[in-house]
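**Student:** Read off the chains here:
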Amino acid sequence: MLDIAFKNLAEHKLRTFLTVLGIAIAITAIVALGSISAGMKEIVHSSLKQMGSDTIIVMKHIDITYGPPQIREIDEDIANEIAGMDGVELAVPVVRTNYLGIVPILGINFEDAALFNIEDVDFKDGGWYDDEEYGCVIGKNVAEERKLGVGDEIEINGKKLDIVGVFEAGEIKGMNYIIAMPYTVAQDVLDMKGKATMIIVKPTDIKYTSSIKHQIEEEYDDMQALTTQDMLKMASEITSTVSIVTLGIGFVASIVAAIGIIITMLNSVHERKRQIGIMKAIGANRLWIIIEVLEESLIVSIIAGIAGLVAGSVMVSFVNKYVLAGFNIASVTPELAAFAFIYSISLALVFSLYPAWRASTIDPIEAIRD
Amino acid sequence: MTWVFRTVNVWKTYSIGNVKTHALRGISLRIKRGSYIAIIGPSGSGKSTLMHILGCLDTPTKGKVYVDGMDVSKLSDGKLAEIRRRKIGFVFQAYNLINTLNALENVMLPMRLDGVAKRIASKRAKELLERFGLGKRLYNKPNQLSGGEQQRVAIARALINNPSAVLADEPTGNLDSKTGKGVMDLLESLNKEMGKTLVIVTHDPTIASRANKRVYIRDGKIEKED
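Chains as they are written, first to last, in the working numbering: chain A, 47 to 416; chain B, 631 to 856.
Please note: incorrect hints may appear among the correct ones.
[What the hints assert, rightly or not] With a straight-line cut-off of 20 Å between C-alpha atoms, the simulated DMTMM-like cross-links for lysine to aspartate or glutamate are: (1) K748(B) - D409(A); (2) K771(B) - E412(A); (3) K756(B) - D49(A); (4) K753(B) - E412(A); (5) K650(B) - D49(A); (6) K319(A) - D698(B); (7) K771(B) - E57(A); (8) K709(B) - D49(A); (9) K704(B) - D409(A); (10) K771(B) - D409(A).
[Stated by the list, open to error] Calculated from the model, a selection of chain B residues having no Cβ within reach of chain A, i.e. all distances over 12 Å: (11) G664; (12) M700; (13) E779; (14) S839.
Calculated from the structure, these hints are not laboratory results.
All C-beta atoms, glycine included, are put in the ideal place defined by N, C-alpha and C.
Make a model of the complete structure from these sequences and hints.
**Tutor:** This is the structure in structure tokens:
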């Protein structure tokens, strides 16, 4: 009888609110962290897809323990030196800034775009730049967020560039958040003449990949050469770390919520001892009492689930807007929303079982006499 | 079936540590269908325990209890609940209404516990409350009702599932004598007009004198019947 459950909850509004709050916080954490971590995985995944299976990426050593990633400049002449190594077909210097908070810039000549798997993006308007042009193409999300289109100018570091194309990336979703421009234009905009951030190396044959990697790392102490294998390994390390942190926080929040549920439900059962006793006296059986208590926690958990979803979504859009510079990387997927909602209900029901059982064992004679 | 309640050598013993207290010591009693009986005795005599056992709220330590001919001494919790719901109506001294529910909802409750639709239960509850002069108090919660009104709501609740018997434990104990008389009149009308078996548990000889038969209990035993 849900109406009776509603009445009992309404009778103790503050307690009901606090229980809802406890569960809602856990659900908010799960929704927010879950969607942000899914967004992060998506970024890692996109970056990975930009590499051909045989290409090697050369860049300065990444030390993730030193705060946010910086632009690590390398001398573009190194590209020529690598190009002269055995088994190397091509070594192209590229400028690529890629950190959260600003729009990533990709400086790559159109003739080399295939090396980055981006030559066949779908242009919604305009098209690729000429490599001699002082212009750029932007991903559709940049266009939408900044309300820019072909013919507009975009200002970066005080320099104005013509937008010649707006594209939509297919599989590599991360590309939609990028501003791409010719290599030398990127150097000029970022004030890094003669410097690149990475060198893309293509071997004459895939069997040379490993030997080229070793040659480069021996020659240049401060460089690392990453093959697809290395990148895959890094990606899985990053995503599993993110997942563990997410799960950990979700777990702790769930424990707090579970303790909250047990305490409030036990308290509620204790307070209503007389009411439960009366119900049993006039003919309620134990199952009925158990269901009655579970119905209350069901209502609480549905409200908490909805509240958590809303709060989590608000948090995600906040993170997208202010932390991820307007890129809608983190998103609350229907699967995540469904999971969070079902989780909320299961959490409340499971941890109400004991209080419900306790309620069902109340002795009507004793309860009425008190 | 002539007997609504029949007990055969019923004992109720409470053990606290090694100390055993006998609340009932071999009660054998027969209560005829449609009769009006008062169980009278001083406090601590075991009369409430007897009422709880007759009403299937409690089970005897020893002996047999039959309700409508069915042996209820060893029934499961669920089965006893069903008997309480369908065959017996309780009226308590402290009314024992549910504070969060209004008069109408309180009366409907036993019917809804029995799985009857809310609409049907509500119709029947309204009829009863109107008959008991509470037609204007349907949506008042217990704390908005006087003692006499609360007890009449409790009587309506006891009747909703059309039970064979109504068991009333000191039904006028919390009421002044005028209101108490009104409540007793109402209870007696259930016996006279509706043919319900009425069992009143009381320590008050004046109340007991109104019944057709009196069973005197002392120290857990039947002292006499008249």
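**Student:** Each hint needs a verdict: does it hold in this structure or not?
**Tutor:** These are the hints, each one checked on the structure:
1. K748(B) - D409(A): violated, 27 Å
2. K771(B) - E412(A): Given pair K771(B), E412(A) is violated - Cα atoms ~24 Å apart, limit 20 Å.
3. K756(B) - D49(A): Status holds; Cα separation ~18 Å.
4. K753(B) - E412(A): violated, 33 Å
5. K650(B) - D49(A): violated, 44 Å
6. K319(A) - D698(B): violated, 31 Å
7. K771(B) - E57(A): holds, 13 Å
8. K709(B) - D49(A): violated, 25 Å
9. K704(B) - D409(A): holds, 17 Å
10. K771(B) - D409(A): violated, 25 Å
11. G664: Non-interface label on G664(B) holds, nearest chain A Cβ at 22 Å vs cutoff 12 Å.
12. M700: holds, 16 Å
13. E779: Check passes; 17 Å lies beyond 12 Å.
14. S839: Nearest chain A Cβ is 27 Å from S839(B), so the label holds.
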